[in-house]
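For chain L, the structure is supplied; the task is to place chain P with the ligands on it using the hints.
These protein sequences, in sequence, are chains L and P. Basically the working numbering = 1-based index in the first sequence + 33. Basically the working numbering = 1-based index in the second sequence + 281.
Careful: at least some of the hints might be erroneous.
[Claimed, not checked] Derived Cβ-Cβ restraints for the label pairs, each shown as a range:
id, chain 1, residue 1, chain 2, residue 2, range
1, L, Asp231, P, Arg554, 28 to 34 Å
2, P, Arg809, L, Lys162, 30 to 36 Å
3, L, Thr312, P, Thr813, 48 to 54 Å
4, P, Val682, L, Arg110, 28 to 34 Å
5, P, Val583, L, Asp181, 40 to 46 Å
What the hints contain is simulated information worked out from the structure, not anything from laboratory work. Ideal placement from N, C-alpha and C gives every residue a C-beta, glycine not left out.
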Amino acid sequence: MTDAITVSGLRKAFGRTVALDGLDLTVAEGEVHGFLGPNGSGKSTTLRALLGLLRPDAGTASVLGRDPWHDATELHRDLAYVPGDVVLWPTLTGGETIDLLGRLRGGVDEDRRRHLVERFELDETKKGKAYSKGNRQKVALIAALASDARLLLLDEPTAGLDPLMEQVFQDELVAVRRDGRTVLLSSHILSEVERACDRVSIVRAGKVVDSGSLAELRGLTRTRVRASLTDVPDVAEASRWPGVGDVAVDGTHLSCAVEAEHLGTLVAELARRGVTGLTCQPPTLEELFLARYDRTSPAYEEVPT
Amino acid sequence: MTRLAGTAELLRLAVRRDRVLIPASILGLLVLALGSARATLDIYPDDATAAAGLGEIIANPAVVAMYGPLGSPTADALAVFKTVMMGAVLTSILALVVVRRHTRTEEDDGRLELVSAGVVGRWAPLASAVTLAVGAVLVASALAGAGLAALGLDGRGSLAFAVSWATAGLAMVGIAALAVQVASTTRGAGGLAFGAVGAAYLVRAAGDTATEGSAVHALGWLSPLGWAGRVEPYGADRLWVLGLGVGVLVVGVTGAVAVLDRRDLGAGLLPARSGPSRAGRSLGGPLGLAARLATGTLVGWVVGLVLGGAVVGSLMGSIGSLADNPQMRQVLEAIGGSAGSVEEIYLATETKFVAIAVAAAGIGLVLRLTAAERAGLTESVLATPTRRAHWYGAHVAVGIVLPAVLMTVVGLVVGFVGSRTSAAAPGVGETLAASLATLPAVWVLIGVAALLAGATPRFAPTAWGVALVAFVVGELGPTMQLPGWVVDLSPFTHLSQLPGGSFAATEALALTLLAAALVLAGAVAYDRRDVT
Ligand SMILES: Nc1ncnc2c1ncn2[C@@H]1O[C@H](COP(=O)(O)OP(=O)(O)OP(=O)(O)O)[C@@H](O)[C@H]1O
Ligand SMILES: [Mg+2]
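With the rest of the complex left out, here is chain L (with noise of 0.2 Å):
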């Protein structure tokens, strides 16, 4: 499979914030790939650089097989775009505002176009100051969504819509993923990712700092391991056992998170010391991204970049 986009340590600074610190991405060509990172963490900045909309200062960006800066009205024939933040006209209606952007694109597919403001449901004759903010990203989704572009790039494309429209977003995503285009969703809800992407990367102070599908970033994270043993061990011991950490003793319960790849260990480590209830959890998605949004938590230092 070929790549969709390639970038590699781009990075952009506005005045003295440094947005994009080096970061590395990849996307393969017919994927659906989730964008994830804590707020600020740039995520948008490198939406917008991959539109050519920002010249980086340094690095390289490959999209489609153009560079973005330099070939951006070309890349754009074959692309479409939902911003984080959608603003449109106050005075044109949401339906002239579709048809607007999908003629700048070249034109509207007319079948497409019905069948999305159907979908969503959406008022066409208002204006866009009198939209909602949901109503908004719908508008903005229809220009996205009936466009034929190859590729996608959708920063938080579900902000403000209500659970059955991001239903019909999800199954919209299906349609497109079958179509094999690509798509890059920057989206802060986890579900949605994991319902939808194939893999995901995590930006965190401008850099990617984990790639890969969710499973293999679970197994990056440690399983929590509750057991009533009948031979205890203190804490100091069993903090010595491989790939264990955040130990607690409490009368014959112990309780403490362990690297994927050390499972096998500690169970046999258990069963010696006659394990008589045993309850191992892997980590939530949650969890999963806590550990790598948070620069102070205990639990990120531990996870191997």
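This is chain P with the ligands only, laid out in the frame that chain L set:
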């Protein structure tokens, strides 16, 4: 009083945001008043020379139409003759800009919603904006009056001068306060408020040129700018006129509060209407979009200029021809920037006034390039295969075409009405030619705005300042005896002396080429910078 809660905090915020705008404007107004007074006094140090030199000319209706009545044939009155009215207009504009900036603009951009959710009363934003604007008007007026007194002008007359500016400024605060509540958008509010300034100027011009005691002359008492002139500093010194300004302020603010209490946040008096579900054929590209968004502006200006042009043209009748005294003609030429009959000089000067207003309209359209960027609309457009040059060009194109259309309208209306009113007035062809001949200078100012918008969105609003300075330097530079090269910096200096004189083709071409170069430089810069 809970409706005023938070006013002090909002006022502090507003002062902070305007810490450059207001002091710089006040400084500009002071330079205008004091600089020209100083220069005039250098030429006419005492009443006798003043009376001999300019007294008669200033009684000429053509000049009175432009600047209002002269208080008395004294050196002091002469020293402020142009700046009473120019300053009153500029103070009014400052007042309306300050009021609008902190009310409707904030509301349009959604920031007021954030603020309103805090412990901020419903009236607080309006109250803080009005307070700040009143403060700015009073400080500007008081400093100008004090400065004139310090230059040695008559004390009571200097107070009257301050009253004159303050009357216009305070009245405009009231009118702007009402306008920002009634209109539902920043642009709509601007249209109403600037329209009010234009109307006030025209009513004043009509009133001041009519014979005293006539009904039309009394009409001048309906215009805040008429009041400013009729204070007649260093003459009648009618200080009580300030009461009229304060009255309009009180009435305007009361009306604004009444509207404010009845409407929703973000709305005006008129409810939002829905529109077509599909885009018309013309809305297919950057130019179609820019033109569509400029339509309201165009219609507003055409209506305003047709009315204004009709008034300007109809005044031709009341402007008699002046004696063919060569010395007087010389001074008239200095004032009007044209050679020829009184009617021609009058027309030349009014045309320049209209040209600067039209340039401002064009600059507003060009600066929508950066307004769209600030609002976050540009990235949606530039994420499509639209070339940056195309997007930039569309905005600049409407900014270039609008002044051409408007100057054509003005030329036709003034020429038509004028030639019907007075046999001595220049004909339609001549008037139209004079009108169109100002375009190269207007385009240079548009070019400056384009370059600034293309290169640095942050400093793009300086284009307004450049236009204002260019106009004032062109208008007052010779009177103020500024060095020749400074006066030459204003594109208005290089315009043809039309009507009456001959068309300066070389200068017109040079200005047009300069404008084109500025526009191109802006395009190059726009292609190279970040768009956020
Ligand atoms: N035009 C700009 N000027 C100055 N600083 C900027 C600009 N755009 C972004 N930044 C800064 O760059 C950093 C990254 O911002 P960015 O918008 O990319 O974050 P994000 O990951 O999209 O955040 P969020 O999840 O809140 O949308 C932030 O510190 C932000 O303040
Ligand atoms: Mg963002």
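Now for the hints, and whether the structure bears them out:
1. As the Cβ distance of aspartate 231 of chain L to arginine 554 of chain P is approximately 45 Å, the hint placing it in 28 to 34 Å is violated.
2. A hinted range of 30 to 36 Å holds for the C-beta pair arginine 809 of chain P and lysine 162 of chain L, which are about 33 Å apart.
3. Distance hint check for threonine 312 of chain L and threonine 813 of chain P: the Cβ-Cβ separation is about 50 Å, which falls inside the suggested range of 48 to 54 Å.
4. Distance hint check: the CB atoms of valine 682 of chain P and arginine 110 of chain L are about 29 Å apart, consistent with the given range 28 to 34 Å.
5. The supplied range of 40 to 46 Å is met by valine 583 of chain P and aspartate 181 of chain L, whose beta-carbon atoms lie about 42 Å from each other.
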